[in-house]
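Engineer: Protein sequence lines, in the order shown, are assigned to chains A and B. Each step along the first sequence adds one to the number in my numbering, with nothing skipped, and position 38 is 38. Each step along the second sequence adds one to the number in my numbering, with nothing skipped, and position 143 is 351.
If you are wondering where the hints come from, they were derived from the structure by calculation, not from laboratory data. One or more hints might be untrue.
Said to hold, decoys possible - Mimicking SDA-like on lysine to any residue, the simulated pairs with C-alpha atoms at most 25 Å apart in a straight line are:
hint : chain 1 : residue 1 : chain 2 : residue 2
1    : B       : Lys336    : B       : Gly364
2    : B       : Lys336    : B       : His273
3    : B       : Lys336    : A       : Ala123
4    : B       : Lys336    : A       : Val49
5    : B       : Lys336    : B       : Glu358
6    : B       : Lys336    : A       : Phe128
7    : B       : Lys336    : B       : Ala316
8    : B       : Lys336    : B       : Glu294
9    : B       : Lys336    : B       : Pro288
10   : B       : Lys336    : A       : Pro158
11   : B       : Lys336    : A       : Arg116
12   : B       : Lys336    : B       : Ser287
13   : B       : Lys336    : B       : Gly276
14   : B       : Lys336    : A       : Ala140
15   : B       : Lys336    : A       : Val12
16   : B       : Lys336    : B       : Asp346
17   : B       : Lys336    : B       : Gln310
18   : B       : Lys336    : B       : Trp255
19   : B       : Lys336    : A       : Ala163
20   : B       : Lys336    : B       : Leu289
21   : B       : Lys336    : A       : Ser118
22   : B       : Lys336    : B       : Asn292
23   : B       : Lys336    : B       : Ala262
24   : B       : Lys336    : B       : Gly284
25   : B       : Lys336    : A       : Gly115
26   : B       : Lys336    : B       : Glu319
27   : B       : Lys336    : B       : Arg264
28   : B       : Lys336    : A       : Glu120
Said to hold, decoys possible - Stretch by stretch, here's where chain A covers chain B in the computed footprint (C-beta under 8 Å, at least three residues):
hint : stretch
29   : 261 to 267
30   : 290 to 300
31   : 303 to 309
32   : 320 to 330
Just so you know, even glycine gets a beta-carbon here, dropped at the ideal spot from N, CA and C.
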Amino acid sequence: MSRTAFIAAAAVLAISAAVAGAWFAARMGAPEMPEHARILSAPRPIPQVPGLDHLGHPFGPADFEGRWTVAFFGFTYCPDICPATLQVLATARRLLEDLPERDRPQVVMISVDPGRDSPERLAEYVPFFHPEFRGLAVEAQYLPELTRAFGAAYAYSPLGDNAYTVDHTASLFLVDRQARVAAVFPTPHTAEGIAADLRRFITLESSR
Amino acid sequence: MRLTVLVLAALLAGCAPDSPAPTVSAPAAAPPAAVPAAGGPVISGAWVRQVPPAARMTAGYLRVHNPGPAPLVIVGAESPLFANIEVHGTVMSDGVARMRHQESVAVAPGETVVFEPGGLHLMLMQPKNGIPGSGAIDLSLVLEDGRRLEFSAPVGQPAD
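Working from the sequences, and respecting the hints, build out all of it.
Structural biologist: Right, dumping it as structure tokens:
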């Protein structure tokens, strides 16, 4: 056997062993890692800032506890990205309808437009996409602290006849049951990808 | 990325020194259709996003194909149902979505420009009697040479 053939045979054997090992590990029930979300090495607690949900009820870190939450930043004068995100999340939420209630994710749109998005306005907008989706209104003075915890950015730019638009981070944030920002879904988003990753997070959680 | 390039291309086209008005042969008697004549611009896949009744605005999407020999320059849009429509482009950079007004969007000869979520869109503002939640909305693209390309866009949600 030539040296080259020996190396080739050894390589094939090594790869086969690796594949078999991976397959065996999968069969043994090693939980899959999320494929779309980027997990934060150090989860960041949501700061205690005053906020109101779309029904006008106080909404703070405690309201994130006990559920997985998909949170994102948006505003109701946003005709393109925000409704598209809400629509994708509505489909993702329906794909997870078979889960027990405590595992079905909460979805929260945090408004980055306190000047125009009152709780009443959020109530007219957010639940349209899914009756359980919640809007969160936070006063302008507290937005920097809140967005910083998420690692999100926002800025105001003049546009059209609405006087301004809001540039904002379009990523989705996964908040864990301890009210900590635990992972980020970068764009683009698909309902299937988000739903599949949420199942993986739940499986990972129960395997610990 | 592709979208960013597209929008940048559109922006650059908008910044380019005024090219002579396209000399696409206009049909003799323009019928009120999206396809005025063989070789004329073709609009397809148009739709308007269904939004909550309280929404003040929505977005329209479509594909515009230019089979002609000269660039097609879109400078605006109109609808009997909205007092103001602008062409906007969403550009993503570092995960931040930025929406900007596009002065014009050029469709090069033989090319298709796609208005789609997360990219170029028609921003439909100031609805005259609320935004329809179903049915279809009559729209027209306004070209640099003053022509109007009429089309109808059904209201709905995309199949994602």
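Engineer: Hinted pair, alpha-carbon criterion (25 Å max): Lys336(B), Ser287(B). Please report holds or violated.
Structural biologist: Roughly 10 Å separates the two Cα atoms, so the pair holds.
Engineer: Taking 25 Å as the top limit, are the C-alpha atoms of Lys336(B) and Asn292(B) close enough?
Structural biologist: holds, 10 Å
Engineer: Between Lys336(B) and Glu358(B), does the CA-CA distance stay at or below 25 Å?
Structural biologist: holds, 19 Å
Engineer: Go check the stretch 261 to 267 of chain B versus chain A for me, would you? Three or more residues, Cβ under 8 Å, otherwise it fails.
Structural biologist: holds (count 7)
Engineer: Holds or violated: Lys336(B) with Ala140(A), Cα cutoff 25 Å?
Structural biologist: Status violated; Cα separation ~31 Å.
Engineer: Between Lys336(B) and Gln310(B), is the straight-line Cα distance small enough, at 25 Å or below?
Structural biologist: Holds: Lys336(B) and Gln310(B) sit about 23 Å apart, inside 25 Å.
Engineer: Three residues or more, CB to CB closer than 8 Å: is that satisfied between the stretch 290 to 300 of chain B and chain A?
Structural biologist: holds (count 5)
Engineer: When you check the alpha-carbon spacing of Lys336(B) and Gly115(A), does it fall within 25 Å?
Structural biologist: Holds. Lys336(B) to Gly115(A) sits at ~24 Å (cutoff 25 Å).
Engineer: For the pair we were handed, Lys336(B) and Pro288(B), check the Cα-Cα distance against 25 Å.
Structural biologist: holds, 8 Å
Engineer: Are Lys336(B) and Pro158(A) close enough, with their CA atoms no more than 25 Å apart?
Structural biologist: holds, 23 Å
Engineer: Three residues or more, CB to CB closer than 8 Å: is that satisfied between the stretch 303 to 309 of chain B and chain A?
Structural biologist: holds (count 7)
Engineer: Would you mind confirming whether the straight-line C-alpha gap from Lys336(B) to Glu319(B) stays at or under 25 Å?
Structural biologist: Given pair Lys336(B), Glu319(B) is violated - Cα atoms ~34 Å apart, limit 25 Å.
Of the hints listed earlier, those the structure fails to meet are numbers 2, 4, 7, 13, 14, 15 and 26, in rising order.
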